[in-house]
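As given, the protein sequences belong to chains A, B and C, one line each in that order.
Residues 29 to 212 in this note's numbering are what the first sequence spells out, letter by letter.
Residues 6 to 341 in this note's numbering are what the second sequence spells out, letter by letter.
Residues 41 to 681 in this note's numbering are what the third sequence spells out, letter by letter.
Hints are computed from structural coordinates only; laboratory data are not their basis.
Just so you know, nobody snuck in bad clues.
Examples of chain C residues toward chain A, derived with CB under 8 Å:
(1) Gly208
(2) Pro209
(3) Gly214
(4) Arg216
(5) Arg287
(6) Ala297
Subject to a maximum C-alpha distance of 27 Å in a straight line, what follows is the list of computed DSS-like cross-link-like pairs (lysine-lysine):
(7) B:Lys341 with A:Lys161
(8) B:Lys341 with B:Lys254
(9) B:Lys254 with A:Lys161
(10) A:Lys180 with A:Lys90
(11) A:Lys161 with B:Lys262
(12) C:Lys170 with C:Lys244
(13) A:Lys91 with A:Lys180
(14) A:Lys180 with A:Lys110
(15) A:Lys161 with A:Lys90
(16) A:Lys91 with A:Lys161
(17) A:Lys110 with A:Lys53
(18) A:Lys110 with B:Lys262
(19) A:Lys91 with B:Lys262
(20) A:Lys53 with A:Lys91
(21) C:Lys92 with C:Lys170
A few chain C positions that, by computed beta-carbon distances, are all more than 12 Å from chain A:
(22) Glu480
(23) Ser577
(24) Ala618
(25) Pro673
Everything numeric in this text was worked out from a predicted model, so none of it was measured.
Glycine included, every Cβ here is placed at the ideal spot set by N, Cα and C.
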Amino acid sequence: MQCSRGPVSTFVLIVASLLALAACKREVRNIRPDPAGAEAPLTNAMVELSPGGTPPVTTRTKKGEDYQRNAYQLAQGKTLFKQMNCNGCHSNGGGGMGPALIDDEWIYGSSIENIVATIREGRPNGMPSYRGKVTDDQIWQIAAYVVSMGGKVPSAAAPSRDDSMSNLPAESRRDSSFEKSERD
Amino acid sequence: MIRRLPCLLVFAGALSGCRDWQSAANQAGAEAERIWSLTLTFTIVLGLIWLAVMIAVAFVIRRRRRAPVSLNDAMLADSGHRRNSWIVGSLLAATALTVAILTALSFVAQRPLFAGRAASAGIRLIGHQWWWEVRYDGATPSDMFTTANELHIPVGTPIRLSLESADVIHSFWVPSLAGKQDLIPGHNNSIELLAQKPGAYRGQCAEFCGLQHAHMGLLVVAEPSESFEKWQAAQRAAAAAPRESDRAKGAQVFVSKPCALCHTIRGTSAGGTVGPDLTHLGSRAYIGADVLPLNVGSLAAWIADPHGVKPGVNMPPVHLGADELSAVTAYLIGLK
Amino acid sequence: MPRAAAAMPRPANQRDTGLDDAELRERLAYTWGRRPGIIGWLTTVDHKEIGKRYLATAFVFLALGGLLAAIIRLQLARPEAHVVGPDLYNQIFTVHGANMMFLFAVPVMQAFSMYLVPLMVGTRNIAFGKVGAFSYWIYLAGGVFLWVSFVLDIGPDVGWFAYVPLSGPQYGIGKRADVWAQMITFTEVSSMAVAVETIVTVFKHRAPGMTLTQIPLFVWAMLVTAFMIIFAMPAVMVASTSLILDRLIGTHFFNQAEGGSAILFQHLFWFFGHPEVYIIFIPATGMVSAIIETFSRRPVFGHVAVIISLVGTGMLAFGLWVHHMFATGLPELGASFFTIMSMLIAIPSGLQIFCWLVTLLTGTPVIRTPLLFVFGFFFIFVLGGMTGVMVASIPIDLQVHDTYFVVAHFHYVLIGGAVFPLIGATYYWFPKITGRMMSERLGVWNFWLAFIGFNVAFFPMHILGILGMPRRVYTYQTDVGWDGLNLLSSAGAFILAASFALFFFNMLRSARVGPLAGPNPWGAGTLEWLAASPPPSHNFDHIPFVTHATPLWAERESLPIVTGISVNTREILITTLADARPEIREASPDSSIWPLIAAIATTIAFIASIFSPWAAVWGSALIGVTLVGWFWPKSMKEDEE
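So that you can see chain A by itself, here it is in the shape it has in the complex (with noise of 0.2 Å):
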């Protein structure tokens, strides 16, 4: 009984730190979205500053803090945002007829609620509502997508270059300098 207690203890050690890792969701691919998932409504103001006592409101989504980390679907947002001709106005990231996506400055907020919200709604002079366009879904993937543009995301997470021609250094090697030094 004694001697079989060490290697016992070791083993559930072993497993409870496995599980524990594996509550890291980097890599679990969820291949199948709900087939009935509606919209989730958003509530996001776009700028931190608010007149008055109350700081403004902000959803903070699981969805979304799940979205910005998890490998798979930044790779789906990194096809979807070139299927859907995102690179038609933002340039891969850098900007032509809409604003660059990879550098710091965010017209309608940073988070990727604000940016699901900018494509599901559409914004003033040129950004086209996506609602119903794409669904729900991609639209979370590709606003996760644009967050790692700026390297706001894991970089074990984030994609890597693609196979076509670039200009940019891929996603995955963007780091929180690398905004800064594109906006100079």
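Since the structure of chain A is already known, use the hints to place chains B and C on it.
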């Protein structure tokens, strides 16, 4: 008889399900027939050699002395060394001869494969994760059309297909017609097909290409040239405007919902190029790269939840109301 | 030298002349033995200890890989089954393949080599014992790395071949493909290390008098394998490292759009991948030779012919990698060359088989479990060889490539050609390693279950391939007619699984309660049976002098010995390459903790470098520091003429 051999080998339970439309043992193409006869030759020759070796092994086991041999005795003196060398030497010579003959047979059989007699037929097959895009070129832009997952070819005419890939490596394989050839991004591969019998033959992607490699089927329809021409003419036409009211509503749903950003229906404003061209979806036998036979029920199920049958497919589930779903299904089914 | 203080006073350099047997044995055991306790376990450089660890670890990976195979067969037993989904299935078949090739098949052969080669050539330890310890720790780390990643849902899902672009930066999402690539690096480093040790041991540490043609065939097989490893493994390391570079820092080795080549990856991979099959198969032929020799009670007929065929197979194996790529669109001349080469390899393989058959024919076969498995090997491997000739032909290959026909073919070759001899070899050498015999009764059951289970599981796959079933599919549809055969195959797979369970049970049980074996239970003729079972840490009390390929048969009672070797320092005899004349006495390394520390540093560097390229820089510095410790000069005796 010999053609049905593999099927006969299958025990009774499987025999009933043996449909044989994706089988190297059921040949309908010139190349498949050449390969099959070569395969049979090899099987017989090599099978006999294997049998001979097994007889030798059985002989060795049988002739061991009945009296228990002690593990203390060992022979070092090698009697009959000369005779044994002759045995091994002549067996080796026989092996070399067999190998030479089989190599020669293989070379003869591979000649037509590399001869490349047929000119390009102007048909391009483009592999996507996880479906096939089929493009028919024409003399003028109006002659060109695009379809998906169903390739029509004329019977009796050699056809050279161009093979391309839009993403990862796939492999084109229709066992009843020919061997396989890879679709590699950035490489120009091609394969020659000569269908000798009209019919529908199933193919499947043969190079591992990701999540849904298992569900990347392709139907090849070989038909007499008149009906092939008729099919081509029908495919070239743009989609007819719907006349029934529910189908008209379906068309409306299609262009206003996410469908239109990925799919093209020629003759409408839907012009997405991400997914398969649906202009004549109703004329195809299967949907989802040969996953489900096309009918109202399966199409509606596919649109509502494609991941139910093909988890990980790039088509998202589109949230439609029940009436929208039935309208869009009716519209698409009617696109003959 | 803390241990010296505790010992009785000894002369500084005592030789083995003039000591009686008991004292000699005691002193040698003291000199070569490991330190007590856990530290002793971690620091040992004894080839037998490390060999046993290698063996045990490889068998654990075999069991784990078999578990994955069972899940695969459950999933494929019925069409459109939902035992596992496509995402998990892709990880499972990738990890099954990578595990069986890199963590089981190659290491288990090297484990036998590590354990047996020094014994069979009559020396006291493998060359560079510390490198052996290092290689084991690296192998263990690589294996644990792969399996922990798999448990954490980061298991590679791109196939054991990991073709780009699917495994490349754009389509290989997350870190899964990196895990594959770095697992390769781990296992390659460890197998290269064992290969170098094997070559040096065989060339320079042989017992005096053992000329090249008197080297046992198993040792010859391991020597050829070691050379193949050294030539083949760098190719796949180039492939996997370039892949990591493409993925991590955006190089373009395999990117068609920027002037790289996706086909280049396939060439690099298969330049390793085909010899890999022979790296697994050639050691198995060595095992077959050893078993046939002992159980037909005569030396293998055509000893030299078999050696030539081993070397020939090893060389030809490098000339046929392109037959894995016939469908990529090659020019006719190039492809035909590889057809000829693939066909040619049937000749040396045939030569070996004929020599074995003649040996059995002219000998007096005694049928025991090891020989049963050799008969199973003949049945299965020869059939696999025949289908191998079929896939060498371009037209046939274009039809059956990447189908279940090929799955059947390589399982016939690898399980029949390597695992059957391996199980036979385990029954054969188990008494040497543990001192106890395995149960013959269970052995016969084990054989028949394995033989029937294997054929029921894998023969139907030939037909499935002809009926059009491609490989690497997580499921299949109901309308293609593959249901019955798949169900049959799954049933066979579970019989095969039962045979492995019985095999493991027999090993575990026999290690405790099996009858005691004695030094030479089979009455075999090669040197490993001269040592006690299990061998003492110094292997032999006296180094033998060899004049025959089966010295224990030739000079059973009066094997000449070599004297004059130090008993209180680890001293081994270095002999000349060709005819093994004694050259010098050399010090063999003492126990050391540095291999473990260096292996830990290497592991940290390897794993970190899939996350940051800078890990290659600071990781090298870290490894450098541990190597300084490793090579720190000790007051060690110089080599003596």
